[in-house]
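*Asks:* Chain residues, written in single-letter form:
2 protein chains.
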Amino acid sequence: MVGILRILSFILLLTCIFVSLSVGLAAAARDRKFTWEISYQHKSLDCYKKLAVAINGLTPGPTISAEQGDRIIVNVTNNLFMENVAIHWHGIRQRGTPWSDGTDGVSQCAIMPGETYTYEFVVDRAGTFMYHSHYGLQREAGLYGLITVSLPVGVSEPFSYDFDREIILSDWYHNTTYETATDLASIPFLWVGEPQSLLINGRGNYSCSGLAASVCNSTNPECLPSNLTVISGKTYRLRIASLTSLSALSFQIEDHEMTVVEADGHYVEPFVVNNLYIYSGETYSVLVTANQNSSRNYWTTINVVSRQPNTPNGIAIFNYDPIDYQKLPPTNPPPGPLWNDTKSQVNQSRAIKARQGFIVTPPKKPDRVIVLLNTQNTIDGYVRWSLNNVSHTLPSTPLLIAIKENMTGVFDPNPPPDDNDSANYDIYSVANNTNSVSSSSIYRLQFNSTVDIILQNANTMTANVSESHPWHLHGHDFWVLGYGEGKFNLSRDTETYNLADPIMKNTVPLHPYGWTALRFKADNPGVWLFHCHIEAHFFLGMLVVFESGVEQVGDIPLSNYGCGQTKSFIKP
Amino acid sequence: MVGILRILSFILLLTCIFVSLSVGLAAAARDRKFTWEISYQHKSLDCYKKLAVAINGLTPGPTISAEQGDRIIVNVTNNLFMENVAIHWHGIRQRGTPWSDGTDGVSQCAIMPGETYTYEFVVDRAGTFMYHSHYGLQREAGLYGLITVSLPVGVSEPFSYDFDREIILSDWYHNTTYETATDLASIPFLWVGEPQSLLINGRGNYSCSGLAASVCNSTNPECLPSNLTVISGKTYRLRIASLTSLSALSFQIEDHEMTVVEADGHYVEPFVVNNLYIYSGETYSVLVTANQNSSRNYWTTINVVSRQPNTPNGIAIFNYDPIDYQKLPPTNPPPGPLWNDTKSQVNQSRAIKARQGFIVTPPKKPDRVIVLLNTQNTIDGYVRWSLNNVSHTLPSTPLLIAIKENMTGVFDPNPPPDDNDSANYDIYSVANNTNSVSSSSIYRLQFNSTVDIILQNANTMTANVSESHPWHLHGHDFWVLGYGEGKFNLSRDTETYNLADPIMKNTVPLHPYGWTALRFKADNPGVWLFHCHIEAHFFLGMLVVFESGVEQVGDIPLSNYGCGQTKSFIKP
Chain A
1 MVGILRILSF ILLLTCIFVS LSVGLAAAAR DRKFTWEISY QHKSLDCYKK
51 LAVAINGLTP GPTISAEQGD RIIVNVTNNL FMENVAIHWH GIRQRGTPWS
101 DGTDGVSQCA IMPGETYTYE FVVDRAGTFM YHSHYGLQRE AGLYGLITVS
151 LPVGVSEPFS YDFDREIILS DWYHNTTYET ATDLASIPFL WVGEPQSLLI
201 NGRGNYSCSG LAASVCNSTN PECLPSNLTV ISGKTYRLRI ASLTSLSALS
251 FQIEDHEMTV VEADGHYVEP FVVNNLYIYS GETYSVLVTA NQNSSRNYWT
301 TINVVSRQPN TPNGIAIFNY DPIDYQKLPP TNPPPGPLWN DTKSQVNQSR
351 AIKARQGFIV TPPKKPDRVI VLLNTQNTID GYVRWSLNNV SHTLPSTPLL
401 IAIKENMTGV FDPNPPPDDN DSANYDIYSV ANNTNSVSSS SIYRLQFNST
451 VDIILQNANT MTANVSESHP WHLHGHDFWV LGYGEGKFNL SRDTETYNLA
501 DPIMKNTVPL HPYGWTALRF KADNPGVWLF HCHIEAHFFL GMLVVFESGV
551 EQVGDIPLSN YGCGQTKSFI KP
Chain B
1 MVGILRILSF ILLLTCIFVS LSVGLAAAAR DRKFTWEISY QHKSLDCYKK
51 LAVAINGLTP GPTISAEQGD RIIVNVTNNL FMENVAIHWH GIRQRGTPWS
101 DGTDGVSQCA IMPGETYTYE FVVDRAGTFM YHSHYGLQRE AGLYGLITVS
151 LPVGVSEPFS YDFDREIILS DWYHNTTYET ATDLASIPFL WVGEPQSLLI
201 NGRGNYSCSG LAASVCNSTN PECLPSNLTV ISGKTYRLRI ASLTSLSALS
251 FQIEDHEMTV VEADGHYVEP FVVNNLYIYS GETYSVLVTA NQNSSRNYWT
301 TINVVSRQPN TPNGIAIFNY DPIDYQKLPP TNPPPGPLWN DTKSQVNQSR
351 AIKARQGFIV TPPKKPDRVI VLLNTQNTID GYVRWSLNNV SHTLPSTPLL
401 IAIKENMTGV FDPNPPPDDN DSANYDIYSV ANNTNSVSSS SIYRLQFNST
451 VDIILQNANT MTANVSESHP WHLHGHDFWV LGYGEGKFNL SRDTETYNLA
501 DPIMKNTVPL HPYGWTALRF KADNPGVWLF HCHIEAHFFL GMLVVFESGV
551 EQVGDIPLSN YGCGQTKSFI KP
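Protein chains in written order, with the UniProt record's numbering: chain A, 1 to 572; chain B, 1 to 572.
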């Protein structure tokens, strides 16, 4: 009896410990507070000295590390002198906090110089995400960083590794954002062109030949190649994010295979690649094992794909400890894949499927299908990018406030078209600008409805050119139902949709002359951008706005107000 | 009898005509509406290509021409992409419209990109004025122009001339305003340095040697010398304004004397000069007669004074019609006076007196005397400029709104000092930064009181250097009571004040190691800046704020709200 009691006591004790631990685990969700000062700083990220936007002096900005369920609180003080700022938390769905999405013109009035604004949101899902400016062309000036969200203690990833590493990929221009914006908004149009450098973790190497050392100094330690130091035999999870303004990239580590395991915060059915294609706005985790000759270093490289490159490849050192991390590998850096091997890119896109055991099944049918024809246009002589011949503009009054408060005159109440005679459009002919218009109109989606988006690529205004566009959706993840070449056929191609194990993502490429089909549930009350993540394309109209369930949105913080027609709510 | 009636009828008729004309004259005061789009444009003002801020494509901006009593209505649309804007109407007192003063941090929230703001004010006094950005360092980027206000029809100036001409003087930097601001706000401090060029009506000539033609092209017609074409024998009124960021200038026309007749909108007792000293923020009218050899052209030049120059003199062509305006004069441009001939500068300052018949007599005694010791300081390692060892900052909430609405927490309620032991301060010793602080405190002046300001210059933080500072008062004109060398003596020097015929001005120089004494009546309800018009000095704290009679200020337009703590008035 005593023995039984003792055993029962012991079981009770164990139970108590377990319950305590569980409570402890649940209570682990906590507030993580950050204080950020945004300022211009002289940086020589690729050896060429120019002003970059920095967070607490850093370009790229600091990583936000949190645990699933944490509340992130970021106090952002704008010290940019005359320039406003807004920061988007890319991949964070902002469920219940659509006003914290950080998108100028949509969710908030930009933060003016001297002001402090507080972003507050929950990271409700583990994975690799990013943040970046969502104001004008400000992202291009270096305002970006990573968000890594870990699983709660005691919950494991479905793959194992020894160490976690972060890799931010970006491209870098020497022009100021004001020069670029002026060129893009001018007649004659001046395209931003290919970037001067590709950066890995904020470091590139521009050739300084012919430039004064005060302008460009190849020996500046700021532009030493970044290094990824590894221990032989260990496996690393590389969390890779692309924050490029323009470039689609291929990432690879010389002689090391990579296993793709995560995309945009979702587990991928693992597959092995020699090079990872990554488009602006995407994140991936890959596993790589340091299983090569540990007596030397290896190259990590990125090169431009999808556009004819005019930028040297970016390099970093995959450094086997204890070799000096500055010791260059004895080989030439691998050149990477051909820029125009579209087939290889499409194949990799298709290879990304949801991991078995983690599949979220999409609804079988959509309630609505929106076909978005991607074209370039001229409107009143200005070069623009358009969807269904509509080049979209954002108002100076945040749409979330305008819609929630039933304001009139902020945006065009006539909805943009769900299609534009896509069945008869010749995607291989030079865009002829028929009926091109610019508009502030938005798509209003029935709450909880299922929406399919068919992104249809086409020829630009230059013969035989079709660009790739990385499309990013705010506030939601979507299922990637398929990729195709040529013209989408509404009756035939829908049959090929992957409804079995589609990956969920927030950013997806649209390949040249191809189509990409997505499905999502409009189940997050708010107003959300869906746009090409190439900054110049977005700036010139390649965006649409989805509204859904705004009547369910709670009180928008007053700090989101103040600009445009929201001044009408001022009552002194 | 019939004859008498006829005569009476005729007199009546004449009277009626006269009354009608008078009514007509009174009714001539009218609204003058302007629609301005502010944008960045590529300009080559001195042959070097850089972005300038333009109004409707123009840098400098268009002249506002009006008649005394007119209401000026300027709809300003900000198309600066990510940068805000505010425009100050320099010399316009804004009586009854203090919210239209265009000063960020004082009278309004800056205009955000995409927004349109309407400035509305009466030009109640004839004369030559100017407008310019009053936001960050934006003036330096070229956002400025002239305001000329003519007398009502039938009222004559007390001098005669044949034609009216406008001359805008400025200096020009190749750095962006963001680079300059970053340098000024950094540790280590990086001074903006002397300008690359001096501009006359927006044209300078930088040496392009060694630079690519795409960057700097000496044959660009944008940077041809500007020309002032005259007809032999005619007299010209030159309305000259200095919009420099930094430089004090001497202006002269080779072999032509000038008669000074107006300063800051007030008639000057005429005096003749070979060169006109003009400080940033000042306007003058001078009369010049084309009485030289009409078979050649002459140089118009500007050169830097008060600072050791490192900038080539600015040139323009004083062109005798019908000679080709591009034909260079056969002589070398006159070099202008020595930069450090302070005595000559002080003498010219002293020569500027109110014109007989137009003297406004100042009150005999002040109600309050504020001594402002001008120094350079370091505060927490940052280089600042200070008054009485207080380096002033402006809040992100406009002070006019904060005070009128009794908001707390916007500015330091403890007033700054009216003096700082000036009797014992050694103005010839290097500033030692004792007790230097930065503060948002303001001076509150009793309404309708008479205030004397003694500007006392001193040594900077560099041995044997005392700068000149052009001080500008918003909302008022002041009487210039005197200039002196060395330390001001409160008992002795007040006896030397010119109370007989002091000129009224809104901007006045403080010469190196000297003092300048001013008097004004605080009779304009509002909140008003008084500051050094050197943009970098203002940016780094060389300003004070005067509040007076805000309780009499009418309703501030809601469009002035929206930033900082004015968001607390938002009631959705």
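Keep in mind that the hints were calculated from the coordinates and are not lab data.
Where hints are given, some of them may not hold.
If chains are identical, the list can't say which one is meant, so a pair holds when it fits in one copy or spans any two.
Said to hold, decoys possible - Simulated pairs of lysine to any residue, SDA-like, Cα-Cα distance not exceeding 20 Å:
{"no.": "1", "residue 1": "Lys487", "residue 2": "Tyr425"}
{"no.": "2", "residue 1": "Lys487", "residue 2": "Gln446"}
{"no.": "3", "residue 1": "Lys571", "residue 2": "Glu551"}
*Asks:* Look at each hint and say if it fits the structure.
*Replies:* Going down the list of hints, with the structure as the test:
1. Lys487 x Tyr425: Result: close within a single copy only, 9 Å intra versus 82 Å inter.
2. Lys487 x Gln446: Intra 28 Å, inter 77 Å, cutoff 20 Å: neither.
3. Lys571 x Glu551: between (24 Å within a copy, 18 Å between copies)
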